[in-house]
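Participant: In the order they appear, the protein sequences are chains A and B. Heads up, the first sequence is in the numbering used here, so the first residue is 1 and it goes up one at a time. Heads up, the second sequence is in the numbering used here, so the first residue is 1 and it goes up one at a time.
Hints in this document: simulated from the structure, not taken from any laboratory. Careful, some of the hints might be misleading.
The calculated DSSO-like cross-link candidates involving lysine-lysine, where the alpha carbons are at most 30 Å apart (straight line), are [to be verified]: (1) K496(B) with K285(B); (2) K124(B) with K162(B); (3) K401(B) with K285(B); (4) K334(B) with K387(B); (5) K20(B) with K57(B); (6) K8(A) with K109(B); (7) K8(A) with K124(B); (8) K73(B) with K187(A); (9) K401(B) with K387(B); (10) K366(B) with K184(A); (11) K162(B) with K187(A); (12) K117(B) with K8(A); (13) K184(A) with K496(B).
Simulated coverage check for chain A against chain B, where a stretch passes if three residues somewhere in it have a Cβ under 8 Å from a Cβ of chain B [unchecked claim]: (14) 177–187; (15) 199–205.
The structure presented is a predicted model; accordingly, all values stated were derived computationally and were not measured. C-beta: ideal position from N, C-alpha, C; glycine also.
Now for the letters of each chain:
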Amino acid sequence: MIISMLKKNFSIIVTILLFVVLFIAGAATYKGFLNAQVFLNLLIDNAYLIIVAIGMTFVLISGGIDISVGSVVAFVCMFSAHLLQKGWNPVAVMLLSLTVGTFGGFIMGYMIHCYEVQPFIATLAGQFLYRGICYVISTESISITNPTYSFIANYQIRLAPKMYISISVVIALLMVAVTAIVLKYTKFGRNVYAIGGNEHSAGLMGLPVAHVKISVYALSGFCAALGGIVFSFYTLSGYGLQNIGLEMDAIASAVIGGTLLTGGVGTVIGSMFGVLIQGIIQTIIIFQGNLSSWWTKVAVAALLCLFVVLQRVIETKGQSVKQQKKAAV
Amino acid sequence: MTAKPLLTMRKIYKVFPGVKALSDVDFTLRSGEIHALLGENGAGKSTLIKVLTGVEKLDSGQIELSGEEIRTKSPKHAQELGISTVYQEVNLCANLSVAENIFIGREPKKNGMIDWKTINSRTKKLLNKLNIDIDVTQTLSHYSVAVQQMVAIARAIDVEAKVLILDEPTSSLDATECEKLFNVMNQLKSEGMGIVFVTHFLDQVYAVSDRITILRNGELVGEFLAAELPKLELISKMIGKGYDVLSETIKNTDNDQDIEKQVYLRADKVLSIGNIKEFTLDVKKSEVLGLAGLLGSGRSETARVIFGADKVSSGTLYIKGEKVNLGKPLDAIKKGIAYCPEDRKTDAILGNLSIRENIIVALQSKEGMFKFIGRKKQEEIADYYIKLLQIKTPNREQLIKNLSGGNQQKVILARWLATHPELLILDEPTRGIDIGTKAEIQQLVVELAHGEMAVIFISSEMDEMLRCCTRMAVFSEKQKLGELEGDEISEQKIMKMIAGGNER
């Protein structure tokens, strides 16, 4: 029973193990690394990416892809900064941002499902659109001075003396918990897996394919917008050049966390650890002190290759088991 | 048996662009009966079922379920009305667990959350009823097609169905699995369910069906009681002509024992780990060599080793006395071996390419990338084989996916014939195609062997093997048991060999 549990969650266990190994390696090499706040900073610095990666995980499980999310994050920051500068109510700004993000995702999902547009193309259009609007709003960086935003950005939730997290971390962890439950314990979540596994079959089994597919992109849009809000807490500014390539970080996190790009397999917990692994590599490089921070990308590239190959190996192994069973029948 | 109609379909019409798929078709299903729906490929069986289950919209006609008129809008709607379908290709999600595949879309809930415990335990019970004992939390992809098929059936019968449609459920099952399925069908029948059974295997029709409805070219031929319709008559009603074409032996027996035929290929003590145990086999020119055995007995594996698709772990292959090393299929193709694989949908057809391109592709790869075959030459070759094999198509540029199964199979045959092979390996060349085309393909196989060609023929249908093969190698449990030749070949002998092999 335990062995079969381990087998079923093999890739996520590998991800978590890798995280632990990296943490231990860091702690063994650098003084001051073994500090709870180092870990908490990982969450603080990557809260927005965790949230974006959640939406991406849903899309990837359903068998699609959403490359608009990086632009959405930048757009939401820019848009919020602009409206706040004009004196809008911060709550209204947040709600409007979420609505715009969700609606944009809905439109892309609608195109993808109803007109059978390739997800890559539909969301590429979204990427250009959002990025374009950023520059239309302003080519300069706009800073956010709104007191509510500043308050949220600077508020520290003390867990213990010298240990704190930000409100963003709470939002991110809450999102992870809620979406993990949605994926495992609701019809919507299971339908996402089914459609990613075999869309045609899902339709024949009477599942609401259209509804689920469109919802997944709307959810990704929502997560990206929420990630944008969290990111605006983090930087307190909006700038059109922010977060170029963020969608790829989100995809990389999901893949390192065990999500299959072909759809049907993946977890948000895995994606969260995918984000944290990228974060910890960066932390190690900062601690090292001499290396360029771009070495993070090199390390992530190596990890990505490793994980994709690992997934293939598991898959082919599974197939050979199946063939043997077939032969035994 | 009560004759109360459970489901009636009256005057059903359905037109696809350019084709009258159904015209004026009636169909009646009573509760507590197994009703076989028969017809050749393209006769309209699938369309009738799709119309009934809401996959396709019907153009006109009337459907009544338990006396009430219905119009199914989608598979989900049909399911809600009590019409469940198990399709020929397993339509489940291989990435989900067995239990989830049975319950998805109608998951039991506890406190608003999916109740996995109930799902798993109910699945276990349900599958036990079908005599299947597996780990239901394991993903479906872990299990064989046969088990997947059973899971599909379990799903279909658990939704409180009044009508169960089984669309070729047995094409991937072996004899014992079929037996299991039939038991389940009979059990459901006694519980009052109406079962529509679509199949190509006529023996199975007689094994379980009460009634038979036959379609031909989108029109109704008639409804018959199974007990009152002899098999020969049934076939002639299906194909619209006499059975004579199928009853006689067509194999070439005249010059059998006298002349020693030239050995084309010899596999000497060949072994492929995990695929087939050590075997020695001669393939001779001008003969049809049958590889007999049950599904998974090693017959396809043997063919794959000869074709270089599976690795030779030890032993040697000789072609015309010369030692060869076939590392990959292309090596085999270059030596003049052609292989029509078992599963034409996944292994052979390039669906989005035209007939011409599908025919030319193997020849092109044999010639090598740089010797481009001119368009004109391609057209000549395509036209030649379309004519030779009587492929029914408006023109050679038609996409292959638009052809019927039988014609697709002919195109695949043409592909390999175009390479002028010296050895042609046919793995289940007639599976899932109609009787008329079957006969044509069998005839062709025998004619090919009449020339210089060596043919290896693999089929699950014993009749077919008996008709075509002049020599047979019998396999069981990944092992070659022996060979039969000429008059020795009979169904009984083969069965005995296989049964004996199992005892060991």
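Participant: Just pull the numbers of the violated hints for me, sorted ascending.
Facilitator: Hints 3, 10, 13 are the ones this structure does not satisfy, whereas the remaining hints hold.
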